[in-house]
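For reference, the chains in residue letters:
Protein chains: 2
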Amino acid sequence: MPERDLAPHPTHRLSTRRTTVLAVAGLALALVAACAGPPPGQQPVLSVEPGDTEGVIAARGLTPDDVYAAVKTYTPTGQKDDYVLFASGGHSGQVLVIGVPSMRLLKVIAVFTPEPWQGWGYSDETRAVLAGGDVHGKSIPWADTHHPALSETGGEYDGQFLFINDKAQARVAVIDLRDFETKQILNNPISTSDHGGTFVTPDSEWVIEGGQYAAPLGTRWASLDEYEAEYRGMVTFWKFDREAGRIDPDRSFALELPPYWQDLCDAGKLVSEGWIFCNSFNTEMATGGIEDGRPPFEAGASQRDMDYLHIIDLVKATELAAAGRTTEIEGFPVIGLDTAVEEGVLHFLPEPKSPHGVDVTPDGGQLVISGKLDPHVTVFGFEKIRTAIEEGNFSGTDGYGVPIIDFDAALVKQVEVGLGPLHTQFDNQGYAYTSLFLDSAVARWSLGNGPTPWSLVQKIPVHYNVGHIVAAEGDTVSPDGGYLVALNKWSIDRFLTVGPLHPQNFQLLDISGTGESMRLLYDMPIGLGEPHYVQMIEAAKLHPWEIYPEIGWDPGLQAKREGAPENGDERIERRGDTVEVWMTTIRSHFTPERVEVKKGDHVIWHITNIDTAKDATHGFALPGYNYNLSLEPGETTTLEFEADTSGVFSYYCSEFCSALHLEMTGYFLVEG
Amino acid sequence: MPERDLAPHPTHRLSTRRTTVLAVAGLALALVAACAGPPPGQQPVLSVEPGDTEGVIAARGLTPDDVYAAVKTYTPTGQKDDYVLFASGGHSGQVLVIGVPSMRLLKVIAVFTPEPWQGWGYSDETRAVLAGGDVHGKSIPWADTHHPALSETGGEYDGQFLFINDKAQARVAVIDLRDFETKQILNNPISTSDHGGTFVTPDSEWVIEGGQYAAPLGTRWASLDEYEAEYRGMVTFWKFDREAGRIDPDRSFALELPPYWQDLCDAGKLVSEGWIFCNSFNTEMATGGIEDGRPPFEAGASQRDMDYLHIIDLVKATELAAAGRTTEIEGFPVIGLDTAVEEGVLHFLPEPKSPHGVDVTPDGGQLVISGKLDPHVTVFGFEKIRTAIEEGNFSGTDGYGVPIIDFDAALVKQVEVGLGPLHTQFDNQGYAYTSLFLDSAVARWSLGNGPTPWSLVQKIPVHYNVGHIVAAEGDTVSPDGGYLVALNKWSIDRFLTVGPLHPQNFQLLDISGTGESMRLLYDMPIGLGEPHYVQMIEAAKLHPWEIYPEIGWDPGLQAKREGAPENGDERIERRGDTVEVWMTTIRSHFTPERVEVKKGDHVIWHITNIDTAKDATHGFALPGYNYNLSLEPGETTTLEFEADTSGVFSYYCSEFCSALHLEMTGYFLVEG
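Quick note, the sequences are listed as chains A and B, same order. Residues in the first sequence are numbered consecutively from 1, following the working numbering. Residues in the second sequence are numbered consecutively from 1, following the working numbering.
Each statement offered as a hint is correct.
Note that the list lumps identical chains together, so a pair holds whenever it fits in one copy or between two copies.
Below are the DSS-like pairs computed for lysine-lysine, each with C-alpha atoms no more than 30 Å apart in a straight line:
#1 K614 to K459
#2 K599 to K138
#3 K316 to K413
#4 K239 to K138
#5 K614 to K80
#6 K316 to K384
#7 K413 to K384
#8 K413 to K459
#9 K239 to K316
Keep in mind the hints are simulated off the structure, nothing from the lab. Just so it is clear, the structure is predicted and the values come from calculations on it, not from any experiment.
Work out the full structure, taking the sequences as your base and the hints as a guide.
Written out as structure tokens, the structure is:
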């Protein structure tokens with residue numbers, strides 16, 4: 001207990017009440033309010049009659065711009081959003097699903113972190129998926145999700161799958177967008193962190209996972225004194241089997257990279273399909289040590305003017321991997337750096353230092369990079385790069401022998417956009433948009449084939465410290481334009497204070513017009529994680545299930561499970577010390593309602609939700625035994641556990657299903 | 001893998017694109033759209049110029065009512081909401097914080113379930129708080145949170161604390177609203193489930209936790225054949241120590257109740273202060289057994305026309321507890337049922353069967369109850385109840401000897417409101433509001449001292465299957481009116497489909513007017529839990545910290561921690577096999593940046609965030625070692641663990657803090 005109360009709770013009992021105002025509220029007052037407007041900082045929202053739109057506008061002090069934004073984003077009951085954002089949840093380890101333009105959170109998809117509402121990590125099947133992400137045999141039930149990638153067909157989002165990485169532990173997850181559930185988690189066997197993932201090739205054949213902080217591959221120990229010799233970067237190419245809905249680790253491989261810190265990657269498209277681009281920082285190979293008087297990483301990794309854009313020929317790399325030109329590290333095939341250099345798989349291109357992101361234009365022809373300490377965006381031409389490689393137009397090699405393409409040979413243009421440029425998106429009008437961290441702004445600028453070639457068009461403030469941005473279908477070969485979302489890392493004064501941990505702020509911008517017409521539409525607080533990146537897909541491209549296709553559905557198999565209990569199959573069987581239960585759930589009862597075992601029994605418990613109505617989900621909470629399931633209509637599951645605690649436990653439906661939902665329960669009796 | 005693909009992903013590559021429309025978009029088209037309106041189901045939102053409010057209204061097909069709702073709820077950047085909702089997250093185990101009228105999710109407060117963005121359950125201190133909720137020595141890292149209760153002073157919310165229960169495991173948590181963090185979790189030692197909690201007395205001296213499914217007290221086993229003799233209900237009175245900010249279990253006690261299933265409780269206020277009311281169902285004492293041809297609980301627990309409202313004299317009960325008139329069960333003092341009857345602590349009052357909730361009117365004078373299979377609300381008078389008790393006006397006793405007050409002696413009025421009435425709230429105009437589950441509606445009706453005494457005024461549809469409702473400050477002695485939120489359990493067709501698990505739907509209603517003026521304002525999808533109940537407090541009453549008051553702050557103590565590292569204290573010390581680290585974090589580096597240990601070492605690692613800027617939170621991710629911290633400005637923490645895995649692990653800041661955030665990292669090297 002505190003010895004002194006430094007910051008006591010306030011002792012005043014009540015703030016000023018509005019009851020007096022309310023008592024005399026009426027049309028007359030509303031009209032006065034409408035004419036006078038509210039005093040600054042006060043919003044007498046209750047002082048106008050219901051339905052009096054003009055009165056509310058006046059009373060709440062809304063400007064014409066506010067009213068425009070209100071009608072542009074407000075989505076009446078039953079009307080659907082036009083776009084869907086899939087946002088990483090940062091170190092929440094989850095994915096957020098958000099509707100645009102309403103900016104309403106439609107769902108949190110549990111991925112790396114257990115989430116009991118969905119039963120994620122509280123059933124045996126989902127625990128097995130999570131166990132795929134075990135690190136050195138340890139369960140690590142959190143992640144730092146960074147970059148979601150929607151599956152693509154022909155460079156367009158196809159609405160089928162979503163991939164996402166865990167920066168902290170170098171893991172990758174696969175989500176099926178039929179049921180919005182995670183199906184697979186893989187732990188990168190050779191790396192301890194990643195950042196340049198996930199990104200997909202235009203037909204989702206490969207899911208890219210680039211590294212972050214260099215370490216000995218295979219996660220063994222080596223002294224920092226041996227950094228240049230023993231530490232390495234990497235990029236991993238995970239082979240995606242679309243029919244199975246899974247990454248196939250047996251057909252995947254990695255590429256060893258120098259111990260620079262790889263940052264973000266993007267896949268080529270159209271003319272550049274088959275190439276992968278990753279930027280990097282800390283080509284200084286700083287190893288920190290502020291405590292011993294060495295420069296801290298923030299300085300040590302920022303000394304050189306240029307870092308290296310990594311240019312990877314994926315076609316050649318896959319040929320090498322297929323030909324067995326790999327070394328096994330932790331049983332995983334890795335193309336060695338020497339082989340990559342020898343075979344021309346890897347080239348470098350100087351890029352302004354410490355950039356965050358490389359973004360391929362929709363036509364695949366150009367790469368946009370922003371050194372975050374340089375006020376310009378730098379645009380390289382893919383054909384220029386390829387020509388330089390073919391002609392051997394190199395300015396030298398790095399310390400690991402990787403050829404460095406001549407900067408001027410690859411450069412198309414540099415455009416000054418503002419301070420702290422980070423990440424670039426594209427629309428359908430020839431504009432590009434770059435987030436400016438230090439300016440807390442988004443810059444609209446014209447590409448070479450845009451309305452006003454290579455010029456800054458408009459900068460719009462955002463609040464505050466914007467990281468990534470996303471435009472509608474902005475990573476595809478045909479962006480839609482219309483909307484852009486700024487992922488602001490700090491919100492500071494934008495929302496009511498909810499303690500020292502402030503929400504992030506997603507701001508929706510209207511980019512539907514031309515020229516200097518960008519407008520701020522909406523502030524969405526994000527108080528359940530810190531999203532890094534997000535993709536925005538046209539809602540019409542998603543075709544999720546409203547219920548599972550058949551009774552007895554196994555979401556792991558995405559098929560009906562043999563032997564799943566159905567109506568009439570319910571029973572309890574004892575075989576020695578094993579008790580097996582076949583249960584069904586339907587509004588509003590479980591069958592059976594009594595399950596009686598002895599302490600020490602092994603229990604196998606199958607449950608199917610045989611309801612078929614949309615939204616007729618049943619929960620199954622088994623208190624004290626750490627099971628909490630969400631059984632959507634048709635879904636089946638099997639629990640298997642030891643009855644190690646005696647007592648009386650009421651299992652019950654934890655998802656409100658009917659007027660008699662509270663009565664939907666049963667007794668699990670463990671004698672002994 | 002599935003043998004057949006029963007429900008394949010759609011094979012069409014792309015939906016119709018809007019690029020053609022966009023190419024010709026302009027004012028002309030906008031005007032056409034504004035006149036014609038869009039075809040049903042289509043919203044060509046991109047076909048008007050930015051800033052053209054009328055054009056957007058027409059293009060999006062908004063009605064005048066929609067525009068009213070839009071301007072009533074839209075909250076421009078930097079403007080703050082007027083009210084704050086604290087909603088249970090249902091079986092997510094968390095609490096949701098939502099602004100009104102914008103209906104934006106400001107924060108998820110982690111309570112029973114680990115949540116890594118907040119570092120909740122990923123630091124040693126927060127793991128210790130969670131361990132307070134261990135059940136039979138088992139960690140149960142989820143909960144079914146039901147009923148949040150804001151602390152009160154004089155029957156008004158005071159904005160200091162929030163309490164919430166876990167129905168599944170009979171646990172109670174305390175949240176401090178200075179930093180919006182959970183400070184305490186307690187496991188009820190005598191019960192396995194709760195439902196009638198949490199509710200507070202008007203000065204928050206007691207936090208009430210009523211039971212749910214009957215079981216032997218103390219959680220021992222007993223056969224269902226001995227249900228009437230061995231199974232029991234309960235209500236627990238947790239003593240809250242406001243100064244300490246904790247429940248004091250040593251000054252708490254429980255009351256044994258018959259094995260009916262207690263449902264919801266409410267505390268008396270003003271004239272009824274000192275009394276506690278809990279309703280109940282399954283006074284039939286059904287034990288289920290559909291599998292053996294017995295009636296399922298849904299029928300067995302619904303046979304009698306009346307259940308029992310439990311009327312508890314808390315003043316007498318506390319006197320008995322203080323006098324030691326208790327029995328110890330699992331070391332916890334329990335007033336036995338016989339003692340309660342003998343001393344007049346407990347009385348019953350018949351209530352229409354299977355009600356959900358008992359709600360005390362703001363003046364404390366009446367109790368509103370809705371049998372959910374009866375279209376009426378039933379209003380009892382507190383003075384009538386007290387008189388009946390004093391005069392012994394009983395219709396008999398139940399099987400356990402509890403006196404049953406004569407129904408007619410206590411009845412004030414019954415008002416027909418509609419099908420499936422559940423829960424009632426109050427405003428400042430003399431209206432009451434009752435949710436109607438089967439009607440999917442909210443009824444406004446007039447109390448006896450309201451505008452049109454004892455009459456139904458308006459029913460407004462909600463979507464769908466409404467459970468609880470909440471009005472602004474609706475549980476206090478002086479509700480504000482203005483807004484009401486309906487917690488709809490099903491959303492079905494209201495939002496884009498996000499898989500078979502649909503969101504819930506919070507609908508905001510405008511109740512500021514009189515008569516039939518209620519309006520629907522906003523649909524908020526809840527896609528991260530199923531809230532049961534919520535309370536709505538005036539935002540001005542909350543005074544949370546924006547940063548911690550001092551550098552080195554321990555949120556567990558809510559005081560500065562002795563010995564927490566500050567600027568200049570950074571060091572690493574080895575004592576035998578123990579390595580102790582004093583670290584600070586500030587934009588944008590850790591000090592130290594290298595921590596080198598040997599496998600098997602015991603590591604003690606103190607970290608303080610010495611940043612003092614608002615929102616300058618630093619994360620601390622230690623990959624592979626399952627730590628992920630959120631260190632808000634000033635916060636300190638200590639980790640203690642065995643270095644059991646060798647390798648190179650990059651710790652890093654997981655909360656984007658500056659332009660050089662990615663460089664904020666260090667190496668944890670475990671040799672061996």
